[in-house]
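Sequences listed follow chains A and B, in order. To get my numbering, take the position in the first sequence, counting from 1, and add 33. To get my numbering, take the position in the second sequence, counting from 1, and add 137.
In case anyone wonders, no lab produced these hints; they're calculated from the structure. Honestly, I wouldn't trust all of these hints.
In the DSBU-like style, the derived pairs of lysine-lysine whose C-alpha atoms are separated by at most 35 Å in a straight line are [to be verified]:
1. B:Lys286 to A:Lys114
2. A:Lys211 to B:Lys165
3. B:Lys370 to B:Lys225
4. B:Lys165 to A:Lys114
5. B:Lys214 to B:Lys370
6. B:Lys173 to A:Lys114
7. A:Lys80 to B:Lys165
8. A:Lys80 to A:Lys114
To spell it out: a stretch of chain A is covered by chain B in this simulated footprint if at least three of its residues, at any positions, have a beta carbon under 8 Å from a beta carbon of chain B; those stretches are [said to hold, decoys possible]:
9. 143-151
10. 200-213
Here are the in silico distance ranges between beta carbons for each label pair [said to hold, decoys possible]:
11. B:Gly235 to A:Ile119: 55 to 63 Å
12. A:Asn90 to B:Gly215: 44 to 52 Å
13. A:Asp207 to B:Ser246: 44 to 52 Å
14. A:Asp178 to B:His397: 36 to 44 Å
15. B:Thr191 to A:Asp207: 32 to 40 Å
16. A:Val149 to B:Ala150: 48 to 56 Å
17. A:Glu85 to B:Asp254: 53 to 61 Å
18. B:Arg192 to A:Asp178: 47 to 55 Å
19. A:Ile119 to B:Glu415: 54 to 62 Å
20. A:Glu182 to B:Val345: 47 to 55 Å
21. B:Thr191 to A:Glu182: 40 to 48 Å
By construction, the Cβ of each residue, glycine as well, lies at the ideal position given by its N, Cα and C atoms.
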Amino acid sequence: MDFNIHRWYLCPAREARKSFNDPSREAAKEKKLATVLDAGEIGRALKRIAHEIIEHNHGLDNVVLLGIPTRGAFLGERIGKFLAEIQSPVPVGTLDITLHRDDLRMRPPRPLLPTVIPIGGIEGKDVVLVDDVLYSGRTIRAALDALGEIGRPRTVQLAVLVDRGHRQLPIRADYVGKNIPTSASESVRVLLDEIDGSDSVQILSGDSK
Amino acid sequence: MNRHLLSINDLSAADAIEILNTANELSKISDGPMRKLPTLRGRTVVNLFFEDSTRTRISFESAAKRLSADVINFSAKGSSVSKGESLKDTAQTLQAMGADAVVIRHGASGAAQRLADSGWISASVINAGDGTHEHPTQALLDAYTIRSKFPQYSENFAGLKVAIVGDILHSRVARSNVLLLTKLGAKVTLVAPPTLIPVGVQDWQVGVSYDLDAVVKDVDVLMMLRVQSERMKDSFFPSEREYSRGYGLDSARLHALQEHAIVMHPGPMNRGLEISAESADSHRSVVLAQVSNGVLVRMAVLYQLLGGAALTGEVGA
Chain A
34 MDFNIHRWYL CPAREARKSF NDPSREAAKE KKLATVLDAG EIGRALKRIA HEIIEHNHGL
94 DNVVLLGIPT RGAFLGERIG KFLAEIQSPV PVGTLDITLH RDDLRMRPPR PLLPTVIPIG
154 GIEGKDVVLV DDVLYSGRTI RAALDALGEI GRPRTVQLAV LVDRGHRQLP IRADYVGKNI
214 PTSASESVRV LLDEIDGSDS VQILSGDSK
Chain B
138 MNRHLLSIND LSAADAIEIL NTANELSKIS DGPMRKLPTL RGRTVVNLFF EDSTRTRISF
198 ESAAKRLSAD VINFSAKGSS VSKGESLKDT AQTLQAMGAD AVVIRHGASG AAQRLADSGW
258 ISASVINAGD GTHEHPTQAL LDAYTIRSKF PQYSENFAGL KVAIVGDILH SRVARSNVLL
318 LTKLGAKVTL VAPPTLIPVG VQDWQVGVSY DLDAVVKDVD VLMMLRVQSE RMKDSFFPSE
378 REYSRGYGLD SARLHALQEH AIVMHPGPMN RGLEISAESA DSHRSVVLAQ VSNGVLVRMA
438 VLYQLLGGAA LTGEVGA
């Protein structure tokens, strides 16, 4: 018998999620190094990404935004709002990649997050995946798998707020809010108003992420 | 949540809601064209069925396959069990074959617990019905079905009125449902002839009534149970006809239900005995929804038990 199993019933997922979303917990544990983007800069970066999406796709007729929960979903909505202001509204959805992760067996089971495929689907569309931080590329690989099960988009593009390097897979972003060179021991934390109460991007030292 | 799912008592209310939420997310995925997920690829789920079953076994098989697990079906009939092989030897055979989860149905109460506690196997054990004890995934799928019909009860069932009617004495479905529904805050009333009410029911947090007509008028959920003739070794009621008149869901009782009330049945139904054909096929009946929700809830349970690390291993970036 193995008594060393992870007893996640002792920390119900809801509580875990709440504390995960609580930046003070992490901030207390880690030394805060630097704020690399403030609220204004995040807003401008997302607006620029919106312009680039329009330019790259020659309009928005065929574009669908899919944010990767948790924070990518909020960023997707924000880019969607910019696109609506600049030109025209586009379908915005979310894509949970939990069930497609390649590291499922390295962690306790995690709660599933919402997947919302916009009406009209993704078949033949130009899908723009939106995430907060591009790091190993594994999340995006999982997202491509998840997408492949839903349909066959015409193109898949990737928008991220922060590209911090250290790719482990041949994946790149089409739209980048800011390239932030980091060392692998640092972590990048994106805080968003919708869930964290304020907007900023911070680099933290320490090995937990 | 524990490594095993043997009883509803293994779950806290938060665990149960988490399973229902997971099932809900899975339903959104399964409604679309994405029917198969890679999540449990390379894992083996064994359906170990010592008792007959249609929907539970198919439901578990379908759930495991949709998550890409390998499924081995084992039924006692036609296996070495009929040659007298013990549960221990059967379990150790499964262990040697590398099962990651064992879904067990057995006629003896406590069989799943025995398998989990014995140290014979390292797999997760899921109770798919043990004797007259428990059937936790049925209670979870019933709760899921209730929640999908009454969205106002998405976080808990406080204020929901449920009547469980019929052969409570032999029903593992009733036991698991009483535990889960009361855990989630519902008000549960058991309705049955006195002979089919279990001893010790006063310790359950439920009301008991012998009068279905009085109860039917103000429930939100009417859960009919199958009369389990195969477990009845004594005569618990004078005749089927008399049972049906007192405790069957007939046309008059169906029409006495509130406008929003739903009728549930875990199946298989004895049409004409505990439920009339009209009731079983009426728009209030959610029997088929229960079956399809069963797959989602069992996917959620398999995901929670097998989807993550067995050990608290290294947490990567």
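Hints, one by one, checked against the model:
no.	hint	verdict
1	B:Lys286 to A:Lys114	holds, 34 Å
2	A:Lys211 to B:Lys165	holds, 34 Å
3	B:Lys370 to B:Lys225	holds, 28 Å
4	B:Lys165 to A:Lys114	holds, 25 Å
5	B:Lys214 to B:Lys370	holds, 23 Å
6	B:Lys173 to A:Lys114	holds, 33 Å
7	A:Lys80 to B:Lys165	holds, 31 Å
8	A:Lys80 to A:Lys114	holds, 9 Å
9	143-151	holds (count 8)
10	200-213	violated (count 0)
11	B:Gly235 to A:Ile119: 55 to 63 Å	holds, 56 Å
12	A:Asn90 to B:Gly215: 44 to 52 Å	violated, 60 Å
13	A:Asp207 to B:Ser246: 44 to 52 Å	violated, 60 Å
14	A:Asp178 to B:His397: 36 to 44 Å	holds, 41 Å
15	B:Thr191 to A:Asp207: 32 to 40 Å	violated, 51 Å
16	A:Val149 to B:Ala150: 48 to 56 Å	violated, 27 Å
17	A:Glu85 to B:Asp254: 53 to 61 Å	holds, 60 Å
18	B:Arg192 to A:Asp178: 47 to 55 Å	violated, 31 Å
19	A:Ile119 to B:Glu415: 54 to 62 Å	holds, 59 Å
20	A:Glu182 to B:Val345: 47 to 55 Å	holds, 49 Å
21	B:Thr191 to A:Glu182: 40 to 48 Å	violated, 29 Å
Against the hints set out earlier in the document, violations occur for numbers 10, 12, 13, 15, 16, 18 and 21.
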